[in-house]
Amino acid sequence: MARAAVLGRLTWRVGTLVSFRDETAAARTLVFQIPDWSGHLAGQHVDVRLTAPDGYSTERSYSIASAADGDLVELTVERLPDGEVSPYLSHVLSVGDQIELRGPIGGWFVWDPEVDSPALLVGGGSGVVPLMAMVRTRARQGFATPFRLLYSVRDPASVLYGQELDRLRSDPMLEVHYAFTRQTPTSFSRPAARIDAAFVEEFGYSAALHPAVFVCGPTGFVEAIADLLVAAGHDPHRVKTERFGPSGGSTG
Amino acid sequence: MPGIVSPGFFGRKREGGQALPPGQYLVRDFPVLSAGPTPRVTLDTWEFRIVAETGEQRTWDWAAFRALPAVDVTVDLHCVTKWSKLGTAWRGVSVDILVEGIQTNAEYALVLSYGGYTTNLPLRDLLGGLAWLAFAYDGSDLTPEHGGPVRLLVPHLYLWKSAKWVRGIDLRTTEQRGFWEQLGYHDYGDPWLEQRYSED
Amino acid sequence: MSVPLDGNTMAGALGELFAVDVSVAVFECAGCGHAGVVAEVVVYADAPGMVARCPACSDVLVRLVRSERRAWLDMSGVVCLRIDI
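Chains as they are written, first to last, in our numbering: chain A, 1 to 252; chain V, 1001 to 1200; chain W, 2001 to 2085.
Don't read these hints as lab results, they were simulated from the structure.
Predicted model only: the values in this text are computed from it and were never measured.
Glycine included, every Cβ here is placed at the ideal spot set by N, Cα and C.
Be a bit skeptical, because a hint or two may be false.
[As the list claims (entries may be wrong)] Far from chain V by the CB rule (all over 12 Å, computed), these chain W residues: (1) 2028; (2) 2036; (3) 2042; (4) 2044; (5) 2048; (6) 2051; (7) 2058; (8) 2064; (9) 2066; (10) 2073; (11) 2079; (12) 2080; (13) 2085.
[What the hints assert, rightly or not] Pair by pair, the computed Cβ-Cβ distance ranges are: (14) W/2068 x A/33: 44 to 50 Å; (15) W/2017 x A/139: 46 to 52 Å; (16) V/1013 x W/2068: 32 to 38 Å.
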């Protein structure tokens, strides 16, 4: 079983936005500098707290998108149509502005590079964010662990990290397979559809390889995929899940 | 604990002022907050039971409950999470009608819900026209999401006292704390005195 | 929102109280005896407080309430936590 990290009490810290990159029309990657950040593991998240001038405050959780890199932490925030926090973070917060963060949080949904077994990563929508931290950590530190990323996404315009994944795919031990659920790229090999048992069988690792499995996305997606994987013979204890709210972030 | 202010962050449109208790803001939607999965109670199994400290019990099934005289009320809701919604329209049976005729010296009430939720309050705050068992909201049957088939409505207290999916009330001579009161929320919960936590 | 999340959601709030990462601890449900990892409990995170429920039987495992300067934590739904340190 995983060891609990001895942390000391988690407290709120101030992070400053130092740069950002737009991933899609709706999603932006924010790069924060957090003084005395002690680093993080791939798959961990932070809680973010925003306070308005009248004292009103609210919190959300976001997965860390980046590999550990000194005092820099990247979050990818997708603007939700009725969101309270996501529109602010993805479209208003400016370089130099500050937010409060608490973390890194979570020792369960974490990829351990020391473990040799292949890793099967299944992400739905913004569920790909913590999985991308795993892919980046593997690449950054030069690990050769076999990785397969199954990425379910609405349409090509919604793909996060598309170009970077294309580049990283040149590593023969890293495979990326897309399932487009509403609209596919032209002449794509598979019609628009959710990930199903056949997809998992064709593109996932077989249960016989005892892969570490990470599934992340909206609650409904995670539960459906976890069921498919267990039905395909994967040991439920090897399937780690992280559920976002109904539409992908921690409720907007 | 108040945090650093993030420039340009205002949150959802909030209005203060008007006739709002301290610390509250106005909402136009109707937030759904829950401590667990939504109970799905069918009308053929639904029951409401009042048990007095003497052991005396009264039980109503759906038909008996709906045969009781019902009224339309318009009330303001104040949630301890700081949102308030004014002028909400409900239809329900006054709790006075259900308690009428029960012999009791009880001063306290423990309200029980399907799914295990409980909340406590003084019995007198359920009487005198202060509380209803509501089965319709805004002209339609009360949905499970908002506490249907029947929820308690006690609008002069914070909304966590207005138990959803209500199934009964125990009349007690000693106070027993309910689900959130056990975890630090106020035994009474008057929004106008901002009685959110037991330390308030 | 009453769509449930998982124990990863509680980890931050619990991290303010515990010196270890509780999300990797193993719990035993006082209701049904199910043993599992805290990260995989079912969490309803709306205020008034956080409620963690057993993924097997839905009984309440943990409740947590925060005011500005106080936390109330009830873990009576858990027989015990096993934490590797």
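So, going through the hints one by one against the coordinates:
For residue 2028 of chain W, the shortest C-beta to C-beta distance to chain V comes to about 20 Å, beyond the 12 Å cut-off, and the non-interface label holds. Every Cβ of chain V is farther than 12 Å from the Cβ of residue 2036 of chain W; the closest lies at roughly 18 Å, confirming the non-interface assignment. Distance check for residue 2042 of chain W against chain V: the nearest CB is about 8 Å away, which does not clear 12 Å, and the non-interface claim fails. With a cut of 12 Å on Cβ distances, residue 2044 of chain W falls inside the contact zone with chain V, its closest approach being about 5 Å.
Residue 2048 of chain W, annotated as away from the interface, has a beta carbon of chain V within 12 Å; the closest lies near 5 Å. Against the 12 Å criterion, residue 2051 of chain W falls within the reach of chain V, whose nearest CB is about 5 Å from its own CB. The Cβ of residue 2058 of chain W does not lie farther than 12 Å from every Cβ of chain V; its closest approach is about 6 Å, which violates its non-interface assignment. For residue 2064 of chain W, the condition that its CB be more than 12 Å from all CB atoms of chain V is violated, with the nearest at approximately 8 Å.
Not every Cβ of chain V is farther than 12 Å from the Cβ of residue 2066 of chain W; the closest lies at roughly 9 Å, contradicting the non-interface assignment. With a least beta-carbon separation of about 8 Å from chain V, residue 2073 of chain W fails to lie farther than 12 Å from that chain, contradicting its non-interface assignment. With 12 Å as the threshold on Cβ separation, the claim that residue 2079 of chain W sits away from chain V holds: the shortest Cβ distance comes to roughly 19 Å. Chain V leaves residue 2080 of chain W outside its interface by the beta-carbon criterion, the shortest separation being 20 Å against a cut-off of 12 Å.
Under the 12 Å C-beta cut-off, the non-interface status given to residue 2085 of chain W relative to chain V holds; the minimum distance is some 28 Å. At roughly 28 Å, the beta-carbon separation of residue 2068 of chain W and residue 33 of chain A lies outside the given 44 to 50 Å, and the hint is violated. For the hinted restraint 46 to 52 Å between residue 2017 of chain W and residue 139 of chain A, the CB-CB distance of approximately 36 Å leaves it violated. The hinted range of 32 to 38 Å is not satisfied by residue 1013 of chain V and residue 2068 of chain W, whose Cβ atoms lie roughly 24 Å apart.
Figure legend: structure checked against the earlier numbered hints; hints not met, in rising order: 3, 4, 5, 6, 7, 8, 9, 10, 14, 15, 16.
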